[in-house]
Amino acid sequence: MKKSLGAVAVAAAMALSLSACSGSASSEESATGEISYWLWDANQLPAYQQCADDFSKANPDITVKITQRGWDDYWSTLTNGFVGGTAPDVFTNHLGRYGELAENKQLLAIDEAVEKDNIDLSAYNEGLADLWVGQDGKRYGLPKDWDTIGLFYNKAMLSAAGITDDQMKDLSWNPEDGGSYEKVIAHLTVDKNGKRGDEPGFDKNNVDVYGLGLNGGGDSSGQTEWSYLTNTTGWSHTDKNPWGTKYNYDDPQFQESMEWFAGLADKGYMPKLETTVGASMADTFAAGKSAINAHGSWMIGQYTGYKGIEVGIAPTPVGPEGERASMFNGLADSIWAGTEKKDAALKWVEYLASAGCQDVVASQAVVFPALKASSDKAAEAFQAKGVDVTAFTEHVKNKTTFLYPITDNTAKVKGIMEPAMDAVVSGKAPASSLTQANEQVNALFK
Amino acid sequence: MTTLAKHSRSAPAASASPKPQGSHRRLGDLKIALLFIAPAMIGFIAFYVVPTIRGIYLSFTEYNILGDPEWIGLDNYTAIAKDPLFWNSLAVTGQYVILNILLQTALALGLALLMHNVAKSTIIRGTLLLPYLMSNVIAALLWFWMLDYQIGVVNQFIEWSGLPRVAFFGSEAWAIPTQALINTWRHMGYTALLIFAGLQAIPSHVYEVAKLDGASAFQTFRKITIPLLRPVLVLVLVVTVIGSFQVFDTVAVTTAGGPVNATRVIQYYIYQRAFTESDFGYGSAIAVILFLILALVAFIQMKFLKGNESDLD
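Taken in sequence, the protein lines are chains A and B.
Each residue of the first sequence is one higher than the last, beginning at 690 in our numbering.
Each residue of the second sequence is one higher than the last, beginning at 105 in our numbering.
Note that these hints are calculated values from the structure, not bench results.
Incorrect hints may have been included.
[To be verified] Quick list of in silico lysine to aspartate or glutamate cross-link-like pairs, EDC-like style, CA-CA up to 20 Å: (1) K978(A) <-> E263(B); (2) K1103(A) <-> D187(B); (3) K186(B) <-> E1128(A); (4) K794(A) <-> D172(B); (5) K881(A) <-> E263(B); (6) K794(A) <-> E166(B); (7) K1117(A) <-> E276(B); (8) K1101(A) <-> E263(B); (9) K961(A) <-> E263(B).
[Claimed, not checked] If you want a taste of the chain A side facing chain B, the calculated C-beta under 8 Å gives, among others: (10) F771; (11) G773; (12) N793; (13) Q795; (14) T964; (15) S969; (16) A976; (17) K996; (18) V1000; (19) G1001; (20) K1101; (21) D1111.
[Claimed, not checked] Below, a sample of chain B positions facing chain A; criterion: calculated Cβ distance under 10 Å: (22) I169; (23) G171; (24) W249; (25) I255; (26) F272; (27) T359; (28) Q376; (29) R377; (30) E381.
Every residue gets a Cβ at the ideal spot worked out from N, C-alpha and C, and that includes glycine.
The task is simple: from the sequences and hints, build the whole structure.
What follows is the structure in structure tokens.
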């Protein structure tokens, strides 16, 4: 902690007096020594430490120093590092961020190495490798893992309500009346007097258990909040993906879906947005305040880890076009353009993206690795722990995924959409107000 | 101070031409003085003057920190004038400052009077300072959990007393008052201590005379304590007003500007534009505007409340 604070202070001080500078590497030194690697998910640290140890064993003249930093500080510390010259050689990169980093020339293009070392890009789950090719046509990362969305539910609450696991697998949804998804959510909602949400006399202002939990307004992507519904109607966030230049929050179809979503809170089936500031959605689920939570596959460990709660996982509902939909997000490892250990960093990135490391990650059953073969091993590892993860994997198998919207200006888009979505989901503004926010967003691309 | 006074008194006796020697002596003092000032001066220049000037320069540029700043003249300022979020942040910050200052000053004055007249025990006086010893972030997080809508202890008590739960941080109406109250809780002990020091500086004979003249306790407070305390109160006001304009950490660790824009205070908005959205030029321009606002507020306070004069002289 002390060290990281010091690093921030140094980086900040340098930012005040220096402008960006980048080191150049001499080729002999760049293949040996210590390289630094950053990631943000503490749950994955043990797996990657194992990878680093294995890597050093195979390459005795290279050591890897791993630093884990929480998501909240990760990106600002990284930016300070870029400016101050203290950024890690290799770091875990996010689709929402890498476009801007590539454009500001902070990432090393790795096309040559990928070609020279004959890395088989088709071994990764479909589409994952293409995500990391920037607007300039150059590759800035090799895929490490992926995630999709599913419905976590409290088995005891469902059996008390007479809803079976098979019913959960067969849910359908539409923006007009919410389909069987809304019926189940309504039935699972219970007020303080024990009346269910679909019974006469239900008191929506005194709800004990909500049918559906709420994470937040979802800002620009709605990754776990609403995109698994809105994108079943044929709507998509941007005109094309990746590198779209026009967002579609003004589409009446999307606004109709959002109107339905916000309506759940109004009907008392979902907590009001204002009550979700604070304790996390997963923790309130564990406290028995909600029956179903839509959340990402990276949360499997947390949901199944709560003591005394039996958790089932169902796929997201089928939409009006007859298909399910889930956002497909992937992480990759990228190399900082200012690294002095270019060759060692390349070797490490290639190892992280290889079966050697991804099988280690798979065996820990925390996330799904990017390689197809390793993904299957992860699913088996989850199965061995007693967790059925087909709700997440079938999206990939059936090709019902859509990509996380990759564009320029993602931070600014989020800055505009966060308050706008909050206003809609909290019922303070109609969904049609998103048209105006969308104009602001699209003005960023002119 | 004392050496100067001694010197001026002894000078005429010691020499017939005191003037050149005096100025020579003063120059000698200057060197030593500079030596002693140097540590503070270096810090002041490195961490205040240089960043301020650089910040002012950056406010006229477009700068995403990874590239080079590009001069764009007044564009940032004209954009800010048309930015509804900037005006919203001013309004929200103003609301926070007013709530915070009114509560904090009133409570601190009350506490200081109690410390002065009733609670003479050092332990009790020390206890009042305890919240101030906690870091802002810890205090904010502590209350964030205690005031949580679903699982917070405060809402549990509210429910037991038969009232509806309150979304202290989640509701637009409550978010700013809640944060103002948390910071009042943390700072009032410290502010009370400053006022308490001022109270101790008021000579007791003034109170004795008032007593002899038959003044009531309220009259004594209004006619003697407040006027004689004014310089300290003004100082406290200037410091606390500037301090509360700079509210950031409490917002950053709890609501992060939300719900909607209800707590997007000006410091948080600067941080968002600069560090989250990589628009350092725009962020710097808002910071410069905040700097001007604070300078103006401090000036007005000093000027109209006559903070640099004391009625004791």
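Against the structure, the hints:
1. K978(A) <-> E263(B): 16 Å, holds
2. K1103(A) <-> D187(B): 17 Å, holds
3. K186(B) <-> E1128(A): At roughly 16 Å apart (the allowed maximum being 20 Å), E1128(A) and K186(B) satisfy the hint.
4. K794(A) <-> D172(B): 12 Å, holds
5. K881(A) <-> E263(B): Cα-Cα ~13 Å, so holds.
6. K794(A) <-> E166(B): 17 Å, holds
7. K1117(A) <-> E276(B): It holds: about 10 Å lies between the C-alpha atoms, which stays within 20 Å.
8. K1101(A) <-> E263(B): This hinted pair is violated, its Cα atoms lying about 40 Å apart.
9. K961(A) <-> E263(B): 18 Å, holds
10. F771: 6 Å, holds
11. G773: G773(A) check fails; min Cβ-Cβ to chain B is 11 Å, beyond 8 Å.
12. N793: Check passed: Cβ of N793(A) comes within 4 Å of chain B, closer than 8 Å.
13. Q795: 6 Å, holds
14. T964: Constraint on T964(A) satisfied, holds at 4 Å.
15. S969: 10 Å, violated
16. A976: 6 Å, holds
17. K996: 17 Å, violated
18. V1000: The hint is violated - V1000(A) has no Cβ within 8 Å of chain B, the shortest such distance being about 19 Å.
19. G1001: 23 Å, violated
20. K1101: K1101(A) check passes; min Cβ-Cβ to chain B is 5 Å, inside 8 Å.
21. D1111: 5 Å, holds
22. I169: 6 Å, holds
23. G171: 6 Å, holds
24. W249: For W249(B), the interface hint holds, since the closest Cβ of chain A sits about 7 Å away, which is under 10 Å.
25. I255: 5 Å, holds
26. F272: 9 Å, holds
27. T359: With a minimum Cβ separation of about 6 Å from chain A (threshold 10 Å), the hint on T359(B) holds.
28. Q376: 6 Å, holds
29. R377: OK, holds: R377(B) within 10 Å of chain A, min 8 Å.
30. E381: 5 Å, holds
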